[in-house]
Amino acid sequence: MRVSRLAAATVGVLALLVGATLCRDALSSESAREASDTLDSPSCEYPGTSLAEWCHTIDVDGVRIRYALIRSGQTSRTVVYDPGGPGVSVLSRNVNDVDEVLASARRRGLNTLIVDEPWVMSPYSEVCRSALSDYLADSVSHYPNIAGVATLEGLRKTCLTLESPAALTAAGYRRQIEEIERIERIHVERLEGYSFASVRGAYLGGDRPDMVVAVGTPFPVGADAEDFFDAVAKSAVPGEGGSQSWMLDSAAAYYRLTGLSFRDVAPEDASRGLWQADSSGGLSLSRVGYYSEFCRALTGWRDLARPGTIRPQSVTAQRSLHAVCTQVEGDAELALPPRTCFAVLQADAQTPWVASQLTRHAKIEWLEIGRHGEVPIPDCS
Amino acid sequence: MHGRMIAAAAALSLLVLPLLAPTAAHAGGGSADGEPRIATTKHFQRVGGRNARGVDKSHVQRYIDETMRTSGVVAADQLEVWTTNVDGRDVSAVIPVGSRLEAASRVSDDAGGTAISAFGVEFAEADEASGVIPPVAHLKGRGAPLREYCRTIWFDVKTLSTDDQVYDCYEKYKLSNTSYIYSRYSKGTLAKGPSSLRREFHEYTIRYREYKGYGRIISGPHNYGPLPNSTECGSGEFSYGGVKIPLTSCASIENLAGGAYHQTGTRYKGHATGQKYVDTYARYTTNGSEPYFSDYVWLTIGECGNLLIACYNTNNDYSRMWTDGGWAR
Chain A
3 MRVSRLAAAT
13 VGVLALLVGA
23 TLCRDALSSE
33 SAREASDTLD
43 SPSCEYPGTS
53 LAEWCHTIDV
63 DGVRIRYALI
73 RSGQTSRTVV
83 YDPGGPGVSV
93 LSRNVNDVDE
103 VLASARRRGL
113 NTLIVDEPWV
123 MSPYSEVCRS
133 ALSDYLADSV
143 SHYPNIAGVA
153 TLEGLRKTCL
163 TLESPAALTA
173 AGYRRQIEEI
183 ERIERIHVER
193 LEGYSFASVR
203 GAYLGGDRPD
213 MVVAVGTPFP
223 VGADAEDFFD
233 AVAKSAVPGE
243 GGSQSWMLDS
253 AAAYYRLTGL
263 SFRDVAPEDA
273 SRGLWQADSS
283 GGLSLSRVGY
293 YSEFCRALTG
303 WRDLARPGTI
313 RPQSVTAQRS
323 LHAVCTQVEG
333 DAELALPPRT
343 CFAVLQADAQ
353 TPWVASQLTR
363 HAKIEWLEIG
373 RHGEVPIPDC
383 S
Chain B
18 MHGRMIAAAA
28 ALSLLVLPLL
38 APTAAHAGGG
48 SADGEPRIAT
58 TKHFQRVGGR
68 NARGVDKSHV
78 QRYIDETMRT
88 SGVVAADQLE
98 VWTTNVDGRD
108 VSAVIPVGSR
118 LEAASRVSDD
128 AGGTAISAFG
138 VEFAEADEAS
148 GVIPPVAHLK
158 GRGAPLREYC
168 RTIWFDVKTL
178 STDDQVYDCY
188 EKYKLSNTSY
198 IYSRYSKGTL
208 AKGPSSLRRE
218 FHEYTIRYRE
228 YKGYGRIISG
238 PHNYGPLPNS
248 TECGSGEFSY
258 GGVKIPLTSC
268 ASIENLAGGA
278 YHQTGTRYKG
288 HATGQKYVDT
298 YARYTTNGSE
308 PYFSDYVWLT
318 IGECGNLLIA
328 CYNTNNDYSR
338 MWTDGGWAR
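Quick note, the sequences are listed as chains A and B, same order. To convert a position in the first sequence, counted from 1, into the numbering used here, add 2. To convert a position in the second sequence, counted from 1, into the numbering used here, add 17.
Everything labelled a hint here was simulated from the structure, so no lab data went into it. Worth double-checking, as some hints may not be accurate.
Just a few of them, taken from the derived set where beta-carbon distance is under 7 angstroms, the chain A residues facing chain B [as the list claims (entries may be wrong)]:
#, residue
1, S52
2, W56
3, C57
4, T59
5, G275
6, Q348
Every value quoted in this text rests on a predicted model; they were computed, and no experiment measured them. The beta carbon of each residue, even a glycine, is placed where N, CA and C say it ideally should be.
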């Protein structure tokens with residue numbers, strides 16, 4: 003009974019996506035024009051942030067970003083706190099343990115700086131909106147194979163260029179931090195956080211050999227993409243089967259990455275959650291931020307189009323999700339400073355650790371017990 | 018069909034005149050008849066988000082955009098615009114399909130050179146509403162809500178070109194089959210007036226209780242808050258069972274836990290200007306089924322002519338009583 007309902011739902015999703023693609027062109031121009039007239043300009047008030055009291059905006063090389071700076075007395079010494087990402091607005095209810103974070107910084111006489119990703123404040127152009135929708139529709143229709151070459155190329159050339167205001171690169175992040183340091187008269191000497199914070203640490207490490215990077219359950223920055231997905235496959239939950247459908251596989255990946263189940267979130271919704279897709283076949287602008295960083299944080303994306311050996315369904319979905327990373331070169335500017343400390347779970351089903359040349363000098367504390375994003379940040383003193 | 022309507026209701030309103038009447042101390046500056054004027058309606062026009070036009074369409078687009086920029090996704094066909102007019106003022110709400118706006122109320126008063134305009138709304142949601150799906154990323158853990166959704170409500174300000182707005186959200190966390198955390202956070206944004214006009218929040222109340230017709234909650238609220246001067250207010254966070262909920266402001270708040278139907282909530286009273294946040298949360302034990310709540314929002318706004326001095330606050334409990342929809346039994 004459940005299977006037949008799910009199958010019907012899958013057909014429905016496909017129909018929606020195709021329909022949305024067909025109708026989009028006719029509707030898009032008017033919608034975009036009206037939207038640009040009526041939407042609020044992103045700021046510290048829009049979208050709302052629980053850190054509004056400390057929030058500021060700044061233009062860096064023509065791109066507006068927002069950040070929260072919580073000072074600790076008159077000092078210029080500052081720690082960047084990064085709860086992770088990419089594709090998430092950390093200032094919009096995604097910074098937890100604020101007091102713990104701030105108290106820890108204050109005990110050490112440090113200011114705390116938290117920076118939102120650029121896409122949160124970026125315009126969403128119609129051409130980019132269209133390219134992302136095409137990518138989703140093509141991924142669904144080709145599944146379990148990845149989206150077509152032309153679609154992938156179209157997306158890369160429209161909104162995933164390094165110049166896109168919604169994209170974040172190592173060079174862009176460095177410029178942001180430098181500009182904040184200049185205006186606020188602070189000096190960033192540490193970067194601490196969770197998971198994808200390891201990538202942000204590697205954005206800064208090359209220019210700041212004296213900086214400290216300390217991350218709990220770090221994302222395996224600089225690892226080979228194939229090695230990463232092999233590790234994901236090996237850590238698959240028992241009982242996970244082979245590919246069934248775009249929706250069921252995407253839902254399986256969502257459940258795995260969130261710890262929720264089909265009893266909590268219906269597969270139709272969970273699959274959209276993985277892709278950040280709305281029910282009309284549109285994708286969130288956050289995907290530009292996500293892909294701009296995720297693709298370049300790993301290397302060796304060339305093999306994603308390779309016909310599959312049998313993989314767990316959640317892994318097949320993740321390969322489809324990241325197809326646009328194919329042929330993207332890893333960011334050559336990534337470098338971790340000598341004083342880099344990671345707390346790594348021996349078994350991390352969400353984001354398994356894979357060593358790389360980039361992380362070879364990092365001091366690693368191995369943990370037997372814990373959950374991703376919920377372990378202490380190493381001291382690294 | 019209506020039997021499946023559940024949850025969130027909220028109420029608004031009003032109605033017990035003795036409580037609403039100005040006190041003797043306020044009477045000198047009261048309205049012409051010395052009494053607040055009260056109006057309530059349960060009649061709404063309703064249009065699908067995709068078919069919205071004009072101002073309604075812009076409200077839908079803003080809702081979609083704000084949801085996206087806070088790491089969620091929603092499409093116009095998942096939304097509806099509900100509009101009404103109460104006491105000559107337009108009220109418009111963008112809510113998820115399957116939800117209902119059950120009532121809208123307005124109270125107006127005048128005292129001490131301050132014009133008072135209070136609005137409230139009550140929501141009822143369908144259990145089919147799946148909510149905004151939490152994003153997946155490589156992040157610090159915070160616990161993923163079972164459901165979360167926001168509602169935007171726009172209250173007409175006759176003398177200004179923009180409206181007052183409330184962005185009201187809930188998150189429901191499932192700790193086990195019999196243990197849930199329900200959290201709400203609400204952001205009010207006052208329309209900007211000319212430089213000669215001061216506009217301020219005199220009251221901002223959000224509260225919830227189990228929706229009528231449901232008896233799933235066995236006990237609670239437990240671990241409710243925020244409580245003024247509490248550890249949670251000091252830390253800016255409520256943490257329980259792996260769930261971590263950021264708190265925005267505890268200044269000048271009163272906790273409303275207690276009373277019938279497992280009620281809890283937060284009331285702010287003061288003179289805040291511009292934008293104001295309110296949070297509330299509690300844990301509940303259930304009979305093994307997901308609980309559903311009735312959600313209530315109340316906003317009392319004062320207007321006066323001195324930008325540098327706080328307006329006269331009647332301190333009247335305009336929101337104290339309510340009788341509508343899922344809120345009342």
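**Prompt:** Going through the earlier hints one by one, which of them does the structure break, listed in rising order?
**Reply:** Of the numbered hints, 2, 3, 4, 6 do not hold.
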